[in-house]
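For chain A, the structure is supplied; the task is to place chain B on it using the hints.
Listed in order, the protein sequences are those of chains A and B.
Sequential numbering of the first sequence, starting at 0, is according to numbering that gives the first Met the number 0.
Sequential numbering of the second sequence, starting at 0, is according to numbering that gives the first Met the number 0.
Since the hints were made in silico from the structure, they are not lab data.
Among these hints, one or two may not hold up.
[To be verified] BS3-like mimics (lysine-lysine), calculated; alpha carbons at most 27 Å apart, straight line:
| # | chain 1 | residue 1 | chain 2 | residue 2 |
| --- | --- | --- | --- | --- |
| 1 | A | K419 | A | K99 |
| 2 | B | K78 | A | K349 |
| 3 | B | K78 | A | K385 |
| 4 | A | K241 | B | K96 |
| 5 | B | K71 | A | K382 |
| 6 | A | K349 | B | K129 |
| 7 | B | K379 | B | K465 |
| 8 | B | K263 | B | K206 |
| 9 | A | K382 | B | K96 |
[As the list claims (entries may be wrong)] Stretch by stretch, here's where chain B covers chain A in the computed footprint (C-beta under 8 Å, at least three residues):
| # | stretch |
| --- | --- |
| 10 | 96 to 104 |
| 11 | 107 to 116 |
| 12 | 207 to 221 |
[To be verified] A partial selection of chain A residues facing chain B, derived with a Cβ cut-off under 8 Å:
| # | residue |
| --- | --- |
| 13 | C88 |
| 14 | D330 |
| 15 | R333 |
We put the CB at the ideal spot given by N, CA and C, even for glycine.
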Amino acid sequence: MSDPTSTKPIHQQSLAELSGALQAGKVSSVELTQHYLDRIKQLNNKINCFITVTEEQALEQAKAADTAIAAGNASPLTGIPLAHKDLFCTEGVKTSCGSKMLDNWVAPYESTVTGNLKAAGTVTLGKLNMDEFAMGGSNENSFYGPVRNPWNKEMVPGGSSGGSAAAVAAGLAVATTGTDTGGSIRQPASMCGITGLKPTYGRVSRWGMVAFASSLDQAGPMARTAQDAAMLLNVMAGFDPKDSTCMDRAVPDYTATLDQPLKGLRIGLPKEYFAEGLDAKVEQVIRDAIAEYEKLGATVKEISLPRTHHSVAAYYVIAPAEASANLSRFDGVRFGYRCEDPKDLEDLYKRSRGEGFGSEVKNRIMVGAYALSAGYYDAYYAKAQKIRRLIRDDFLKAFEEVDVIMGPTAPTPAFPIGAKANDPVAMYLGDIFTISTNLAGLPGMSVPAGFVDGLPVGLQIIGPHFEEARLLNAGHQFQQETDWHLHTPSEA
Amino acid sequence: MEWEAVIGLEVHVQLATKTKIFSGASTAFGAEPNTQACAIDLGLPGTLPVVNEEAINMAIKFGLGVNAEINKVNVFERKNYFYPDLPKGYQTTQLDKPIVGAGTVDIALEDGSVHTVRIHHAHLEEDAGKSLHEDFAGMSGIDLNRAGTPLIEVVTEPDMRNAKQAVAFARKLHSIVTTLGICDGDMSQGSMRFDVNVSVRPKGQEKLGTRTETKNLNSFRFMEAAINKEIQRQIEAIEDGFEIIQETRLYNGDTGEARSMRSKEEANDYRYFPCPDLLPVVIDDSRLDKLRAEMPEMPEVRKARFIEELGLSNYDAEILSGEKATADYFEAAAKTSGDAKLAANWVLGELAKTLNQNDTEIKDSPVSAEMLGGLIARIKDNTISGKIAKQVFDALWKGEGSTADEVIEKKGLKQVTDTGAIEAIVDEVLAANQAQVEQYQAAEEAKRGKMIGFFVGQIMKASKGKANPGMVNQLLKKKLG
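Pulled out of the complex, with its shape left as it was, chain A reads as follows (with noise of 0.2 Å):
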């Protein structure tokens, strides 16, 4: 079964070229959405990016996204089969965050972006595993396994919306919704092959979104291509009165400027991104992904973001204080995990919280918790707040003079399951290209620039706040002129 006018099969095409021929007639939602459910059935066990299918529920939403388009009331997404990452909470659905903690929690309530998803006429095919409370850089930390990536499953796919992207990848999704704090969709996205944004800090609401870092948080859409980011951040973005952090502030059509042409397009290379530790093949692809840039009229100049080296000392700061108090109310007492048969409720506490996290988890709380202890909290979380400062202050100044700003989006391919599990330093080091922009609160993009020993490779694209229509206007424009977004694995 396949669109009569495409070679590719249904599950290599891009959410577009779905939509085009769900609204043409040439295939119904219900039969996408089985295609998918029959390839998660049997391909899943494999990648394990799936936590909960929700087979049921994506067909008669399938059905009734079927009556819409037959009556005329579609909209460019109605129809389209997503899987969402596992902290957004989802109405009558499990929602588990990859932890022990929510594995009996059905959350009574839909977050504004599936709500927003969903009435935009989506299919929910189910939630998608992740790093435990979104805290990690592989997958590794889910209380329901590790994800593998689908171009080598001895490999990680990233974090933490590992699952994420690895079921774009392997084509058990269409498009999914990531969330990044510290680069959780565009590091995954990189080491998976796949296009992921992560928006301006206050673009996308985080009602509904469990919280690892309220500062940083923010969703994004995974997918094929800058296109399909498009049209997903489309419906995902917008002023929700129920998030204080929300930016009222009109969303533009992000599909509209896709075709600009880049001539004149000042790209800023950060001399710091392409430092010590950054793989050389890694940047290899990323200068022939620049060198394409400037085949399309776009200027490069090498630019400086003195504070990089300070953002991942900062981050490992303001991210656990967060989390740490984030995290204070999985307490055992109104739901979630709880330890059997407490004695008082200092073991009440002590247990439930002891045996319902993950090492990874408990580790950031603790950290965070000492960050802001009396005595400490000058030294180290007012100290971060401050670097964060002037990290922002490198990036505006940056931006007074190039428009995007790219490098590498991690500084290595996937890595083998296990290669870091020891070394959380060398896994937080692994954030530093993505993790500067989420102190600074800017939009961020990651689109499949090459291959390295059989392993995408992603080029990252920051702009200035609440310019994501310049992002994606430029990964359009590299996916026009590159094929590296259509490479899929095998067994996709």
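Quick look at chain B alone, frame taken from chain A:
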């Protein structure tokens, strides 16, 4: 040695918003447990707070009401600790940048002087739920209806020197927040709760002694007793050679017993940090101007007006201006009656006594201010005497009529002012008491005043109280010579 106590207060004032400080759930008191707690109040994963602007407005009004600076950028922080009735594991409150800065509240002392208590600051925060330790067979119940109710915590400087001053301050604060309409002032429902910080030092010494904090006092009476008890305890301890330990204490108002709850060493490290889910609250001038324009007359100003415009005594004005409900009642009664002094006497006298006897709040008085004003007007125009007026008041209280005029008419209590009719009664009484008449006429002038009372009493009795006492007096003097 002569000792001096030093007292500072922290007062939790529940704001009278319709909904909670960070959610749309109702704040009404007394609902079934956990029926007024939404996903946000329960701290469900993924939920986010949105500040109730009305709570901000009320806090600003409080600041304006105590002559304080309003911090135009103020910040909510998270105060981290675990407790079952604290759903998120942190309380959202303010620390470094509270909404209300330094201010002042004046209190009247018994000697008639005015003492200024400085407000250190007041901050906005959310209340916790309630833990119920009874009725659950060895377990505890959690009621989260109160979780998220907006509070302002008012923190004073240690400017009070005895329990009476602390109570005077507390009463004044009660009057300020009820006048502003930002708190219902119902202490029995926990709308105002007091924490008292107490230390003692030898009189004349500058350095403060070690203080203790007694938490959660919810009546003026308990507060006064708790402070006095704590002052006494500290003095005795020091005189016996012990040191005061900085600690948090509890006072049981019902038993009058106090005990230590936790020492400073056991205190939590709350790990405060700015709440990343909330932006700093920014207050612009136009908002301040608008709220300033909405400010009601504050007790201080009202008291001055009662003295200057209505001619009340300092004492009467202080009491009548103290509580908004009383002040409003008095003003309405004064206006209807046209006699402020008489109205003051009635509100502070007969009305206060009857309210007290019936355990009724002035706002629930069956005799409205207009009814009382109408009654006083009839005293003023001599339709009835003061004595008869009490009968009319009783009848109005019991619902035997909706106006004084109606009761007077129905019961035939109208005062007799017809000279002929009164003269007939006077003559009758004098004739029946010839012996007393003779005694009176034989008496010295100085003793006659008292003796004439006898005749007045007899005449009033004969007239069933309806004879105009002034006219009776006049006629008697004329007839007795």
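Chain B contact restraint for A/R333 - C-beta distance below 8 Å: holds, 6 Å
Between the alpha carbons of B/K78 and A/K349, is the straight-line distance 27 Å or under? holds, 20 Å
Three or more residues of the stretch 207 to 221 of chain A near chain B by CB distance under 8 Å? holds (count 7)
When I compare C-beta atoms, does the stretch 96 to 104 of chain A have three or more residues closer than 8 Å to chain B? holds (count 3)
Please verify whether A/K349 and B/K129 have alpha carbons no more than 27 Å apart. With a Cα-Cα distance of about 22 Å, the restraint between A/K349 and B/K129 holds, given a limit of 27 Å.
Within a Cα-Cα threshold of 27 Å, do A/K382 and B/K96 meet the stated pairing? holds, 19 Å
So, A/D330 near chain B? Judge it on the closest CB pair being under 8 Å. Status holds, d = 6 Å.
Please work out if B/K379 and B/K465 have their alpha carbons no farther apart than 27 Å. Satisfied, since the Cα-Cα distance of roughly 15 Å is no more than 27 Å.
Quick one, is the A/C88 hint okay against chain B at 8 Å, beta carbons? At 5 Å from the nearest chain B Cβ, A/C88 passes the 8 Å test, so the hint holds.
Under the criterion that the straight-line Cα-Cα distance not exceed 27 Å, is the pair B/K71, A/K382 satisfied? Holds - the C-alpha atoms of A/K382 and B/K71 are around 25 Å apart, at most 27 Å.
Within a Cα-Cα threshold of 27 Å, do B/K263 and B/K206 meet the stated pairing? holds, 20 Å
Holds or violated: are the alpha carbons of B/K78 and A/K385 at most 27 Å from each other? OK: B/K78 and A/K385 at ~21 Å, within 27 Å.
Violated hints: none; the structure is consistent with every hint.
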